[in-house]
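Start from chain A and add chain B according to the hints.
Residues per chain, in single letters:
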Amino acid sequence: MLTILLILIPLVAGLLTFFLGGSNAKIIALAGALAELATAVFAWTQFDPAAGAQFGFQYDWITASGISFAASVDGISMLLVLLTTFLVPLIVLSAFGHNYQNPATFFALILFMESALVGVFTTTDAFLFYFFFEVALIPVYFLAAVWGGENRLKVTFKFFVYTIFGSLFMLVALVYLYYQTPGTHSSAITAFYDLQLTPAAQGWLFWAFFIAFAIKMPLFPFHTWQPDTYTESPTPATMLLAGIMLKMGVYGLIRILLPITPLALNQWGAVAIVLSVIGIVYGSIIAIQQRDMKRLVAYSSFAHVGLMAAGVFSTTLNGMQGALIQMLAHGINVVGMFFIIDIIFSRTNTRYLDHLGGITQKTPSLSVYFMIMLLGSVALPLTSGFVGEFLLLAGVFEYNNWLGAAAGLTIILGAVYLLRMFQKSMFGATSVNTEHFQELTLSERAVLIPLTIMVFWIGIYPSTFLEMTEPTVNQLLRFIHN
Amino acid sequence: MYPIILLSFLGIVVLFLGFAKSKAILLPATLLFLAVALVGNFVEWNQGTIIYFYNMLAVNNLTLAFNGIVLVSAFMIVAMTRGFQDDDEAQPAEYYAIMLFSLVGAFMMIGFENLIMLFLGLEILSVAMYVLTGSDKRNLRSNEAALKYFLMGAFATGILLFGIALLYGATGSFTLTGIQAYIGQGNPSYLLYGGLLLVLIGMLFKVSAAPFHFWTPDVYEGAPTIFTAFMATIVKTAGFAALFRLLSHSFTGIYDYWWITLAVITVLTLLVGNIIAVYQDSFKRMLAYSSISHAGYLLIALTAMTPQTENSILFYSMAYSVATICAFGVLIPLAREKAMTGKPRETYEAFNGLARNNPLLAFVLTVSMLSLAGIPLTAGFWGKFFVFGSAAERGIIWLLVVAILMSAVGIYYYFRVIMAAYMKEGDTAEIRVAPFYKIVLVTATIITLLFGIAPGLFTGLV
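The listed protein sequences derive, respectively, from chains A and B.
Numbered according to the UniProt record's numbering, the first sequence spans residues 1 to 482.
Numbered according to the UniProt record's numbering, the second sequence spans residues 1 to 462.
Here chain B stands alone, though its shape is the one from the complex:
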């Protein structure tokens, strides 16, 4: 609860700080505010479930943990935004404020008790994203991406709202407990199934599951890289937390009806994400498809819906977010350097010879790719392991086999990046990285390796 209030207020403070002459204060102030919110978030740790605003929002350890992942991801991403100061076009105060406000939306999605809150949270987060996607005003790609994202996103939100309306029509309630109680009476009306399906479509659009993924590659590619990282991590984590909350709190009663739908979407998402990623030449587009494929792995845990699912999703979101931030974090300075020399910026070739030019960036990139590929010693391995475990516990072995085959495909495209960095010759231009930036990347790499060696440290927390 505290982070919602804190960030709503502090976001406005950031806007006012924008009037100051020196823009230099904005970054440290935003980081400080995020740190304050992080502390505020864990005040309510271990106090059981607390309900706020007449059953609108709930707070418990699970939602706090998701909030924590979102906040830490945001902290790392904001810490990497130093570039705004060099850019005259940029309006850092507005960017930071929008990012802080969008987090409020994410928290509402993570802890909603009432479907109206889900809708509000999703809109707060999405509208912020539409704006940030188009923030590179002079860039045609960025504009195109923002428009595309906005039009399709608005459409998906409409579907979601329609679904909520049908659910209300069937159950007479907006609350999760109300819907659950209605299903508990048995023999639910067909409106409920229709409503659930539409709500699922709206949500799956936001987490870019196939066949609702078509916006993802263009938007990821067009948006400024730093906001792509924001989108790939925070929107996805919040989206899956919300989906999990919706399905586990309200719809376990009719599991037999929806699991097969979700299973089909899962398989489709895994296939589309992994197979198309193989054919990409742009690193950024590859990461877009990889983010689709990771939505697929997370959906496996949702499809299985066992007692392990919440931990699987939590761990997977953490591992995926940290590794993705590292990947984009390496791309940003690299692309900036290449842009100065007019070389291809975001293709695999941009990584050629990285190990010689900047061994640290190459190492960070390697760990992040290994983690995304799910190789042992990295957090990504345990994420996959827990997710696969929940499918095995439910006994959906065929889904598991598809997932396994697709993770083998994943190794192919992730390793292309590592090979480019270590084994291909490239130009010898030095890549400059600010010390603070280095600290963020190294911390993220250490997190990946630490939870890769001792996942119990994380799973023991929640």
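Pulled out of the complex, with its shape left as it was, chain A reads as follows:
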């Protein structure tokens, strides 16, 4: 029952914002997002990690075809629902400083997106999963295409067609699997787990799913839509894309790809993991060259997600747990960094590192927050990134030493491009643009403080989250390895 509430609250709040919003749209949207967060936190307090899927809900959707509107929460879902519901209020709040046209539509789209995202993370029906997976794209497409930068039309169009194209392969695979189920057919994801498929069939399915999820995350070489889209989108949309939507791809790997096609892993797992590792190194090296801060963080996000995918494909406990905790940490760090870039842009009208500098002298507090987010991303011990990257690298090492070593470059290269960005923007002499840099406002602090708390929470006591997901991950791994 709680699950359906989690899906419906943002939807209803979005409708309210859209129809009653007017000038108060942002207040209504924030209230809706906070109500959703409260519900999620309540669900968390009631959540029992050892009990498997809970708070289930099922309603016959298309009775004749055995497709039902079914959703429930297990450890992995809980983590991602918490991430989504935690970030969305902050994303809404981060837009307070801007005067976006048509605020009612703008904030309503963010909430519709939240509803679809929670749907993706909780549903237990394969077709419903596809449904939410696609629907999530529509609000963010409009956010980016209507409120984005100069090249928005071309860029978002590429993004949209590219990702839909990928998901269509998943649709073929799901339809195929559906007709493989015995009896009157069922589209429950667990029914797909139980199919005894031949290794050849699993190979085809593996690639169909891989393309869908690899485009979404994105993994090398399917990433070409990502830097442009992240750069051209308005910052709240970028946060949604990088902070949450990217996780849909990783979640899909864990929930759909691995358990349905375990035999294909012997055959193709190595290719997938090599592609992921290439993405890590390639993304990092390009990030070093970037002068536009938003682009730089976009490439860093591309590099980080490569490591998550590598961890998942290693199918070790460390790799999976690392990927999960890293999803949480990355979501928080990347949203923080994009927000700080947005703050800098709104005051100086530039994101180019060459035009910035000396911000520390003007607003030391901003540079402290920036440093914390950066260190979280660089994976310094006691910050959020450390736990995840450590576990992920351990997982990849267990799989193969050489790949582990290559993936390990992420820590060094990450430090290079992130600290370079920090140095160029924060230190040195002030430039024309940064001379009159203003102090942080209250609403900006209200976004940054919760993010900072989370960075340290995950860094210092990750067990809160690791214990939540461990039983589910263990169960999944047992299933995959049998």
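Source of the hints: derived by calculation from the structure; they are not laboratory data.
Being a predicted model, the structure only gives us computed values, none of them experimental.
Be careful, since some hints might not be right.
[As the list claims (entries may be wrong)] In the BS3-like style, the derived pairs of lysine-lysine whose C-alpha atoms are separated by at most 27 Å in a straight line are:
1. B:K338 / B:K438
2. B:K137 / B:K23
3. A:K158 / B:K424
4. B:K137 / B:K148
5. B:K438 / B:K23
6. B:K424 / A:K154
[Stated by the list, open to error] Sample of chain B residues with no beta-carbon within 10 Å of chain A, all distances over it, derived:
7. L6
8. V13
9. V39
10. F42
11. E44
12. R138
13. M152
14. M305
15. Y348
16. V442
Even for Gly, the Cβ is constructed at its ideal location relative to N, Cα and C.
This is chain B only, laid out in the frame that chain A set:
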């Protein structure tokens, strides 16, 4: 059965109403007659299969459902024809009567038991269409379209008739059951295969499948938009209902012989429709190619011919018809407004800035494009889903992959319209839309979204 009798009679009544001084009564009268026919149609609901006229026509829930789609589409299209009153050249009484008569042809195609009925129904529908296509008498394009449609259509009908003759020669019967019984005896004669092929060609011409599609873009573009909408929805729905009836009732016995032919035509139709649509600048021509591509998706279900096929075709026809009516319905007032200012009327540019000028039309257009593109939350998604499902059930995965790739191409040209409406600046001329017209568009949009969220409501009906 009742709608055939009712509309034949009421069509004549409409002609007589044309003698009245005020033309204003025609539209409400026609709508009332369509509503009466719709009620009459569902009198026989859930009564099993009823055979009429010595095995000429059959009525069952499936044919009634197809009739229902045709009637509702016609109702919406007729409701959008308010423009006739402003046009001195127009002869509304004749137009409405012809539309009603053409529906009789559609019903006969949907429920035929005897191939003669198929031929008659097809001719009644087609001749009506030839006339309506050329109804814009002073417009050269319209005349050209009518002539083209007539010549090629007459030729296709000839081929169909030839095919029927060969089938009769092989089986000694015109009835579906007779042909089925003949095939059941095994070892059919080659005349049968030849006859089937010719009948298929004749029918595929009418539903504009490639390579028999060449008339479609010119005719769609030349005909007055309201009749293009009629053609794109009703002729297609009736054509596919008839094809399904023919293949499923008579020819399942030799499935192995015809499925590959149909599969090749399907692939060709999908490729031609989608790829050429990308290169169009005219919205109306794009919709013509899109209608070819949708014929391709419907053909997938026919090629697969599983127990799911009838539901797939039914749902797809419904989703496609409603979305297409919305698309043309937005184009009509827009083109009229642009014509007054002398701007390009039917290109993509005509849609620039629509979201600002008339948010309602822009929203209707968006939902309709999303539905045609097959994006979730719209009925079009489930239509594609069911169609793809039947191909997967039969195990024709390569066909499925082609279809998937082509639907990705489809997103490209449908989204160009949405982008023009929402993200490009246009002139700020206000677009006036009559309240009744709005109701039709909003209803159609609600249908699209409702069956997009809960397709079970529709699939549960039949």
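Which constraints among the numbered hints does this structure fail? Numbers only, ascending. Every hint satisfied by this model.
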